[in-house]
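Once you have looked at the hints, place chain B on chain A.
First to last, the protein sequences are chains A and B. Going by our numbering, 148 is the number at position 148 of the first sequence; the sequence numbering is gapless. Numbers given in our numbering equal positions in the second sequence, counted from 1, plus 252.
Everything labelled a hint here was simulated from the structure, so no lab data went into it. All of these numbers come straight from a predicted model, not from anything done at the bench.
To list a few chain A residues with every Cβ distance to chain B over 12 Å, as calculated:
no., residue
1, 39
2, 49
3, 50
4, 52
5, 56
6, 62
7, 146
8, 155
9, 157
10, 158
11, 238
12, 239
13, 245
To give an idea of the interface, some chain A residues facing chain B are shown, with a C-beta separation under 7 Å as derived from the structure:
no., residue
14, 30
15, 82
16, 88
17, 90
18, 91
19, 125
20, 131
21, 191
22, 199
23, 206
24, 216
25, 223
26, 224
Each computed DSS-like pair below joins lysine-lysine, with the alpha-carbon atoms no more than 30 Å apart:
no., chain 1, residue 1, chain 2, residue 2
27, B, 341, A, 62
28, A, 62, A, 234
29, B, 338, A, 84
30, B, 338, A, 153
31, B, 256, A, 84
32, B, 338, A, 67
33, A, 234, B, 341
34, B, 301, A, 84
35, A, 53, A, 157
36, A, 67, B, 256
For each residue, glycine too, the CB sits at the ideal point set by N, CA and C.
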Amino acid sequence: MQKRLRVVLASLLFVFLPFTRAGAMHIAEGFLPARWAGIWWAVSLPFLIFGMKKLREIVEEKPTGVKILLAVAGAFVFVLSSLKIPSITGSCSHPTGIGLGAVLFGPWPMVILGSIVLIFQALLLAHGGITTLGANVFSMAIVGGFVAYGAYKLAKKTGVPGGFSVFLAAFLANLATYIVTSVQLAGAFPASEGGFFAALMKFGSVFAVTQLPLAAVEGLLTVLVFNFLRSYSKDELAQLSEFQLGASSYEG
Amino acid sequence: MRAKLRNILVLSLIIILVVAPFFVNQNASFGGADGEAEGIIKGLAPKYKPWFGSFWTPPSGEIESLLFSLQAAVGALIIGYYIGYKRAKHEPGENSEQ
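Only chain B is shown next, with the shape it has when bound in the complex:
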């Protein structure tokens, strides 16, 4: 049970770290800011022009979030499958006492 407690503790820490920003920084825009670095580049080298563009850019925010979700889903599927597989192997049968 100690392990379980430890996991719960770690999980709560993660949640705190992720949620805290909304309280700490209530007026922030929370943009995904590759843009900020690009802004600094513009400041440091005003004449610099990106010499190459992306081959393809998701046509909308929806499509972009679709692809990001897909990426997360594929990864989570594999990890979830593995966890289930390993646990079932470890504790076979519904009535096994552990």
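Pulled out of the complex, with its shape left as it was, chain A reads as follows:
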């Protein structure tokens, strides 16, 4: 597994060395036209409502060990999204931390945990914004979580070893977040020549490319925490699959 990982990472490094572009994070306050800001709020709202319901179920009904693990998943999002990490493109961006919780608890609770971090950063750090919160929640807390969950399930089903499945889940969730961000911006600001796709290429080269090595860092950090859980939190992991909360079956 390590060997494969190393090969993948090394090739990633070489593919993206030539790019020199600044990276970015969430969509800044006021930087989506009101119509688009409203559309993304409307899209995210049902997910927020259902996510709240799922989160409440866990907090009210599940054993303490599981709840504490949920706090750890939330804390992981807190730490990772505060770390602005340099990328080989010569700028900084940050991981999202959504992958870990989505693999453990499924995507729904992560909608809320991710949103809490986004609200914190929008209100106290002027990163992202309240008008753009709907769009940022959608890219990070919704798409990120569902991609991680889906990727993990698919990887397990196709016999990918446990550690690498976790890596893939977090890696792809991180990338997906920033690809969605590019799509959101390109939708709101199509190029006068080439329209949506020309704009998508522009935003994509900024967001997604810078994000690649950072996605790898996030994947590896998630694997570290997951390895710990597999050795020391066996009971909780078993409970999680029993409740069918996360992507179940963590062995392998």
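Then chain B, alone, in the frame of chain A:
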């Protein structure tokens, strides 16, 4: 011990990925570039004006880094507490052989 080795390997990979940019791209400014995306927006839609500003912006870089550190510290505190708690539970007593 295999697990330990694996963790060390993963950690070194992380460090390499984070440090490599400074060697690869020595003249880069490493700005946190929400600004870059904003620059593209200005290029694509020169007339666009952000229609809403942040309620509150940290008054200085120091305050901003304080809040970011706080965010990381709170998260790391919870994770660190959990790791310590679980390990202590797993290996009780100072002299237990493992």
